[in-house]
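Chain order of the listed sequences is W and P. Straight run, no breaks: the first sequence in our numbering ends on number 789. Straight run, no breaks: the second sequence in our numbering ends on number 312.
Simulated from the structure, these hints should not be mistaken for laboratory data. Even glycine gets a Cβ: it sits at the ideal position worked out from N, Cα and C. You may find that some hints are simply not true.
What the hints assert, rightly or not - Distance condition first, Cα-Cα at most 20 angstroms in a straight line; then the derived PhoX-like pairs of lysine-lysine: (1) W:286 with P:161; (2) W:361 with W:733; (3) W:650 with W:697; (4) W:226 with W:257; (5) W:289 with P:161.
What the hints assert, rightly or not - Simulated DEER-style distance windows between Cβ atoms: (6) W:313 with P:260: 27 to 35 angstroms; (7) P:226 with W:317: 21 to 29 angstroms; (8) P:42 with W:404: 29 to 37 angstroms; (9) W:313 with P:234: 23 to 31 angstroms; (10) W:727 with P:42: 54 to 62 angstroms.
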Amino acid sequence: MARQRVMVVGGGLAGLSAAMKLAELGIDVDVMSLTPVKRSHSVCAQGGINSCSDQTRQAGDSEWKHFDDTVYGGDFLQHQPPVKEMAYWAPKIINLMDRLGVTFNRTTEGFIDRRRFGGTLYKRTAFAGATTGQQLLYALDEQVRRWEVAGKVRKYEHWDFLGPVLDNHGVCRGCVGQDLVSMEIRAFPADAVLIASGGCGLLYGRSTNSVMCTGSAVSRCFQAGAKYANGEFIQVHPTAVPGADKLRLMSESARGEGGRVWVPRTPQDPRNPRDIPESERYYFLEERYPQYGNLVPRDIATREIFDICINEGLSVEKGRQCVYLDLTHIPRQELDRKLGGILEIYEKFQGVDPRVTPMKIFPAVHYSMGGLWVDYDRTADGGLRSASPTNMVTNLPGLYALGECNYQYHGANRLGANSLLSCIFDGLFAAPGLEVWLSSRATAAAEAPASLFESEVRRQQACQQELIRRPAGGENPYLLHQTLGEVMTKAATVVRRNPQLRDALREVEELAARAKRCALADTGQWTNQNLVFTRALLDMFPLAQTILRGALARDECRGAHYKPEFAMPHLTGETTAQRRAEADAWCTRFDENNRRWLKSTVAVWQPREESVQLSYEDVDTSLIPPRPRLYGLVGAALIEEVWNQRVTAQLARVP
Amino acid sequence: MAENHREGEAAKTFDVRILRQAGPGQASYWERHRVSYEPDMNVISVLQKIAAHPRTADGQDVTPVAWDCNCLEEVCGSCTMVINGRVRQACSALVDRLLEQHPDEIELRPASTFPVVRDLVVDRGRLFQALKKVTAWVAVDGYYDRGEGPPQSQEEQEQLYPLSHCMSCGCCLEACPQYARVELTRGVDESPEEFVQRQAETYDRLFLGPHAISQVILFNSHPTGRHMSSLRLDALIAEGGIQLCGNAQNCVAVCPKDIPLTTSIARAGRAATVHALRKWFDV
Ligand SMILES: Cc1cc2nc3c(=O)[nH]c(=O)nc-3n(C[C@H](O)[C@H](O)[C@H](O)COP(=O)(O)OP(=O)(O)OC[C@H]3O[C@@H](n4cnc5c(N)ncnc54)[C@H](O)[C@@H]3O)c2cc1C
Ligand code: SF4
Ligand code: SF4
Ligand code: FES
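Using the sequences and the hints, build the whole thing.
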């Protein structure tokens, strides 16, 4: 057999960890990326990466608790075996990254230091200042460069993935890409293609994501028949700094290191924030969530900030929504050591020193929990079978999804500092399974009939020609993108309502139709960014529709998906008996709702109708039974008590 | 712009002058665009506006200007260009500040030390090749679980951390008088692979640049990275090595990540001298 190769699309943490591990296993790897891999979006990650550690263990932590926090934080919407496996790998992953030279912050004695992140009570998060993603990415970039020198890895940087090549059994045999400099389109035979192309924040116009996060690679797989799951779960990060081109993240680590969120009790109090006395400040997260305080999970913090500004009118500024994120009580030296990177960003882009003046922040679209649907191979004890080619494979054999574009780990809401973990875990864990997949193949992709690849290249060339030949004066792709972003941000972020979602769907369909009439301002064949952008825009619509349809269909509240119409009530009864009856009804409703909605949304693209078809898949919750997520609900203690009684009673009935 | 602002005219605008070039080997030319002012703009949002309406100040329709960017928060190193005569990142170049320095007009040029691909996009492949030459990685045994890495004091971490921030933007190379531009073109009977090979060999003979010298210090200071010190020092004293640095210190002045390049260069210089002497006596 000719030599086999694996194509990795994307050189963020997920793609690079896969590439280096595959190379170690002796497999030849190609890495394709829009940007030089060292410039991938992972470089933006600030706060850190989670695992339990020897120290948290002594405070009662364990891998199991990390697993539990992750599924609880995600409102139980994830299949539990992959999450469990990831949590058990986490300490090993941090050790590996440490060995690769990541400059994690240290304790006085020289151990890796940890900070606390949202949705947990333990200090699990390892960090390298406030530039953890950059440091992790560089370590992997360096290792992949090492394999490049050794001849195991070839990089195709400044290349755009145009789509998978499927044979007539629907098996992925490679892909087609375009050189962004020469605009050459060519096929890459590959015995497996791994999509590690990150998130899709650009669907929302401005977000905390980098400009390459268009979701284009994922959408092209989706349109080729790959399933997409849980699209409606989009994380809106509570704390970002609004900007004209980007909403720049202020990492959760700012709160992890003691940052406090507040607004003046007097609406739009004109005083300098530092002159406002404690008694006239409303630390609303601390007051409403005494246990977690400023570190409630993201979906909750986001909704509260939204609520304070929109419903209570307590925004710090008049014409603009924002609240204070205050670090000014923390010593400057400590701030510089632990948060230097993000404070510099604030200072550089806002011209204000956040060590002296509280920052002004507002929520922004940040992360997609949804992504390509993938399978997994469960062991009897509820983990993942190692070296199984079933892990992380999409419904198209040979096509895999890793990193942010894999839907598997974060359910309805991702906990901070769990994404970097899931990305690296994916790459390391998938590689041995791919080795087995390759050895099971009878022929190498390089030996597949040339016509298979040629016809796909011709199809792509024809698509491009069609774009280039459109008459001038048509729709403007940049303006359509802006409108798409506005529609999505209005309808499918923090608070969702069915009439708005229905309108948004109609508007997105109209925009998609208009985008078919986009004209290019550049019809040349050299570094044509206009063409690349327009093509990415066209591919945004199928994903935008998937998000909106999923959100419209899901009549409940779960994690980041919040529809006030279906919110679970607080307990309001006056007497204990009344409240107990309410709690009982609450639990019944919770149970019924789970039976209806504790399911992954699975979307399939229907090319002829150009629309999305949804179905629902049961979630494997066999390890940790779902329980109500009660952060901050009035009557939480009572509901918990009633719920626990029910669970005990149920267990007693099981023989 | 400032004038307009004071007079309170309806449409506040400013001009952007861009040095354009359609492709390698083609002549470059200046083009002027007029952009309507908005608060909180940076050079990337200016370029986005121009992309959406590619029309010059005198009303001619043109092809959109090409440029590189990704993170928009000065961590990815993509958007290096020469703005009002100074090499820097476009995403952190705030329009208000630029207009304060130089009212009415912003000037954008591609970095001149790298070959132009198109307009403001340059080919920085040489910068990454230098990272290969100096073995800029920790040569671990492999990626299986082997427990924790070597412990490190806070002091060591605080020394390594700034050095590991180099985002390969190339600002330092644009500023360095010793880093001269080379532009190779693919021969007619040369395959892409042969061309890449020839590029790498050519780059390896030329000055490797302050960013790579600083990476030598980073990895030679790391408890495990240190094991390959002498290989890295070999690269420093080879052709294109540290001896070419004239100590002009231009590099450190422009580094957007404030990497202590001259400190690294001084340390590397001493280490290289010792290394060369030792080699001398060994043979
Ligand atoms: C500002 C910010 C801060 C964050 N902080 C944290 C944190 O502290 N902790 C945490 O756990 N998570 C954090 N996250 C989330 C985390 O950074 C991302 O989820 C993660 O980095 C994604 O990595 P990835 O490998 O999946 O993809 P990315 O790093 O996004 O890389 C995608 C790759 O795919 C390539 N690509 C995309 N499309 C194509 C195409 N069509 N053709 C070819 N190549 C393509 C790109 O060039 C790139 O190389 C943060 C996210 C943001 C936005
Ligand atoms: S100090 Fe050396 S590397 Fe830096 S600019 Fe001067 S010559 Fe170049
Ligand atoms: S040393 Fe500084 S200027 Fe030079 S490439 Fe690195 S970050 Fe850029
Ligand atoms: S866009 Fe990343 S540094 Fe400017």
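Hints, verified against the model:
1. W:286 with P:161: holds (14 angstroms)
2. W:361 with W:733: holds (15 angstroms)
3. W:650 with W:697: Violated: residue 650 of chain W and residue 697 of chain W sit about 33 angstroms apart, past 20 angstroms.
4. W:226 with W:257: holds (17 angstroms)
5. W:289 with P:161: holds (14 angstroms)
6. W:313 with P:260: 27 to 35 angstroms: Holds, since residue 313 of chain W and residue 260 of chain P (Cβ atoms, about 33 angstroms apart) stay within the stated range.
7. P:226 with W:317: 21 to 29 angstroms: holds (23 angstroms)
8. P:42 with W:404: 29 to 37 angstroms: Holds - the Cβ-Cβ distance for residue 42 of chain P and residue 404 of chain W, about 32 angstroms, lies within 29 to 37 angstroms.
9. W:313 with P:234: 23 to 31 angstroms: This hint holds: roughly 27 angstroms between Cβ atoms.
10. W:727 with P:42: 54 to 62 angstroms: holds (55 angstroms)
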